[in-house]
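Chemist: Use the sequences and the hints to build the structure in full.
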Amino acid sequence: MQDFANADLIVIEGSNMAEAHPVAFQWVIEARRRGSRVIHVDPRFTRTSANADRHIPIRTGTDIVLLGGVIRHVLENELYFTEYVQAYTNASTLVSEAYGDPEDLGGLFSGYDPETSTYDNSTWAYAGDPDAIARGLPERDETLQHPRTVFQILKRHYARYTPEMVQETCGIAPEDFEYLASSIAENSGREKTTMFAYALGWTQHQGGAQMIRTSGILQLLMGNMGRPGGGIMALRGHATIQGSTDIPTLYHILPGYLPMPKAGQDDFDEYTRLVGKKEQKGFWANADIYTINLLKAWWGKHATAENDWRYHYLPRLTGAHGTYQTVMRMLEGGVDGYFLFGQNPAVGSANGRMQRLGLTHLKWMVVRDFYMIESATFWKDGPEIESGELSPEQIGTEMFFLPAANHTEKAGSFTQTQRMVQWRDQAVEPPGDAKSDLEFMYELGRRVREKLKDSSDPRDRPILELTWDYPVNEHGEPDAEAVLAEINGRHISGERAGQPLASFGEMKDDGSTSGGCWIYSGVYAGGINRARKRTPGQEQDETAAEWGWAWPANRRILYNRASADPEGRPWSERKKWVWWDEESGTWTGKDVPDFPPTKRPDDPGDPGKGGVAALAGTDAFTMQSDGRGWLFAPTGMVDGPLPTHYESPESNIPNPLYPQQSNPTRVTFQDEDNLSSPGAMGAGGEVYPYVFTTYRITEHHTAGGMSRFLPYLSELQPEMYCEVSPELAEELGLEPYGWATIVSARNAIEAKVLVTERMTPLQVGGRTVHQIGLPFHWGRGESAVVQGDGANDLIGMNLDANTQIQNSKNNSCTILPGRRPRGAGRAELVEEYRRRAGLIPALHPQVDGAEGAPGAGPAAGGTPHEVRGPEEATAVPTGEPSMKEMRNR
Amino acid sequence: MARKTFLDWPVIRQLRGADPTGRGTAVTSPRTRSTTPRTAEADGVADSVCPYCAVGCSQRVFHKDGRVINIEGNPDSPVSRGRLCPKGAASEQLANSYLRQTKVRYRRPYGTEWEDLDLDTAMDMIADRFLEARRKHWEDEDEQGNPLRRTMGIASLGGATIDNEENYLIKKFFTAAGAIQMENQARI
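Protein chains in written order, with this note's numbering: chain W, 3 to 891; chain R, 15 to 202.
For the record, the hints were derived by calculation from the structure and aren't laboratory data.
Some hints here could point you the wrong way.
Stated by the list, open to error - Okay, the calculated bits of chain W under chain R, using three or more residues with CB under 8 Å as the criterion:
1) 311-320
2) 433-440
3) 484-498
What the hints assert, rightly or not - Here are the simulated DSSO-like pairs of lysine-lysine, each with C-alpha atoms no more than 30 Å apart in a straight line:
4) W:Lys382 x R:Lys78
5) W:Lys455 x W:Lys365
6) W:Lys382 x R:Lys18
7) R:Lys150 x W:Lys453
8) W:Lys365 x R:Lys150
9) W:Lys455 x R:Lys150
For each residue, glycine too, the CB sits at the ideal point set by N, CA and C.
Modeler: Below, the structure is given as structure tokens:
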């Protein structure tokens, strides 16, 4: 966070940092105090804008056009950082002759299959001998002139992303665009760095992952990755949302970003080769070692080389099994039991109605929380009870509410948004029946094992052989440090048997070591809990390496080899961070160098060896199979190797760039509660003429489970509201502080009206686009201090195919003065608008508005996706074959 | 309280003392002088981290008689430098809100009200249901005969507001049991 202060320019886009991360924002203020420039790009003017040098209002969902425009600007005017681009990126790499760009294919990349709405990415591959490519040595043209170099492809791909196109698509004036583009160009290079910061304003789109990648491309071109005051800051929103991805409670990965195996991956060596091949460059070449150590941590002495370390005990995926697919399965009666650990999907997940209806189909449910959240009380006071549609007597879900211990009542670690793990000491004992989730999970596991102890069923062996023995205190609470030590890993045999691993470099492939999450190895080095380090900031330099512990290896800036030039010298005195010290023959500097410590800058690398040995002295991107930062991503993204602009499915604006209106790989679910406006693709789009976008405010947290139950915070922000521009209020007769009803194709909610110039009507495509802002913290449960309608009730379960995350930021609605109807009238109102828009499923088979768009058509049953390459650890293919109503469109 | 004298007049105190601008000690009342901060009476203070967003602001948790009495920012943190936002500053109430639930609550199928339930009984009922759902929705293999070794009958959501160690045990146990539908806020 402190590194914000080192930036010369900070571009905050897709985030309202001053209100959502106020304490981190002090470092943006600090940067401005030091003379830096701050630009805020956002549909709304917020406190972040008020503290920026300039606010640039943007039509939501058009960020790829804006940043693609900046990419074009720096390429056309040769403003990129030439030496950095040549040495550290894949700009010079040649791409397969079979590659076809959206510029030539009407908005689609080569390899698209309209039947399945998915891509075969084989034509996006690097050119060259397959063995050389596998070793990270594809064909290259260092002059960057060959038409098939990544550099030339990039130039052609963004050639039409002109300032005029930016104005026409984003509603951004040429003068604002010029200010942004020249600010980035002037504040990058040897002497200066630009930093980007984003949050859910990028993530929550169908195409959100590609928005983030656009800034990645730009930051690589400008030489801002791996350098102080550079990079892309992901501003995450929950205490350990980073940690819960590293050590995941996510379906698609195992700890340390190892993918969950998929059906058919029954050969252990084949599985690890899909994660990382021995001959490829960099640290993923040791994927087999990381996996073996995880399996050893879980199945201990039962995991041996002969049984592939119990790899075959891991359950297999057959497609996407994300939280929204699970809701669909609930509605079909396919899920009996559901656990909630501090989460409130009845309010916080997209399509609140489907979330709540899903819960009514469960046999039983365990809610672990501090308060009676809406997901615990939906059966007695949910909106579907209020409307008379359901009554408690009709809902068979057996509910267990188990009070949870809070952060002061248990010890443990959170990983904050810059990968820093911080330990909390316990202050007090939890009250009454309240227990930590650690104790709950350990106890549940213990009881299940006890009940199964005489079982001879082979399917119970993985539970019975599991290492499940942690020391507990007098209250029954397991020792969280013992769990951290298992995550860190230890020597099992040899001289150092029993000792913690110092780093993942000590992990072995022979079963003599174990470690539950390789990237966290070192957090417990020497038996010391390094997450608990608290040397005061005042007693340290700005890196503050002695406060907490950042994965991996306590490194604060990733890929920091790139902070030095190819010869290993700092790019400039001003931006000195990590460099080669000829005298000691090591990399050194202000941070833990992200490079093999004694590998010389002029080391050619040993392609015969693979892994770390194969890295050349200039291969700064040590996790990439070719050691380079990827401007063009041959694998890893399911919707294209380069970010390309598509309109949201509900957008009323025809895509100004391509005949392909919306992202062709987008995921949706066919259900009468999950309809979408046809947008520009059908006549009914005008029924929902306005765009709405959701956001967080300072005084509340997500679905309100930790804020609407606190009188202080509830008093500060008591009511659900909507932000509308004075122009729209005037047009529709919306009264300031009066009520409005917002209707989408899914549902209708009411909110107080805040008429404000913070919302700017934009001129796009020959029309005025009005955007409406909606905070999403309120719900209808009676237990909280304050209640309100939930904005997520308006949003559909429509997902980005890369991440399976819903689009919350770019949807269409209409807005009317006055409160919404009570009782059955609410559904009737929604129905009336659907009828006008032609969205009655019985009369109108198209449900997601993609009529006329390539790829639209009846659900094709779904096809299992091929199992793809190593970099797809976080990009699991979609297309759940057993979920007939899900489809990619 | 001693009788007020001429010398106790604020303006005289201001002129006599070390507070010539009259904005400090010269103008404090006896009541103010006799009060002490809550934190001074604490039994102890624990180093902690704010449970809300992902900035990771450091907190100092003051407690007395087994109860949290005050939470404030820790100025030692190089990240937060002692600051807390409104949520972090209100987090004492997260622990002590009158709405805090401390007893197990149970609602039987089709029931209209919550009922009491003993924690031990609840845990046993959950373990039984876990095994039953696991068995009922077990999948040994797919249509092509590939091993699946999983159950689709159990799902979970949550993890971004709890601890790394807790997530680790959830992932470890659920995976061993064959339950794959584990998710958290990171997907949302």
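Chemist: If any of the earlier hints don't hold here, list their numbers in rising order.
Modeler: 4, 6
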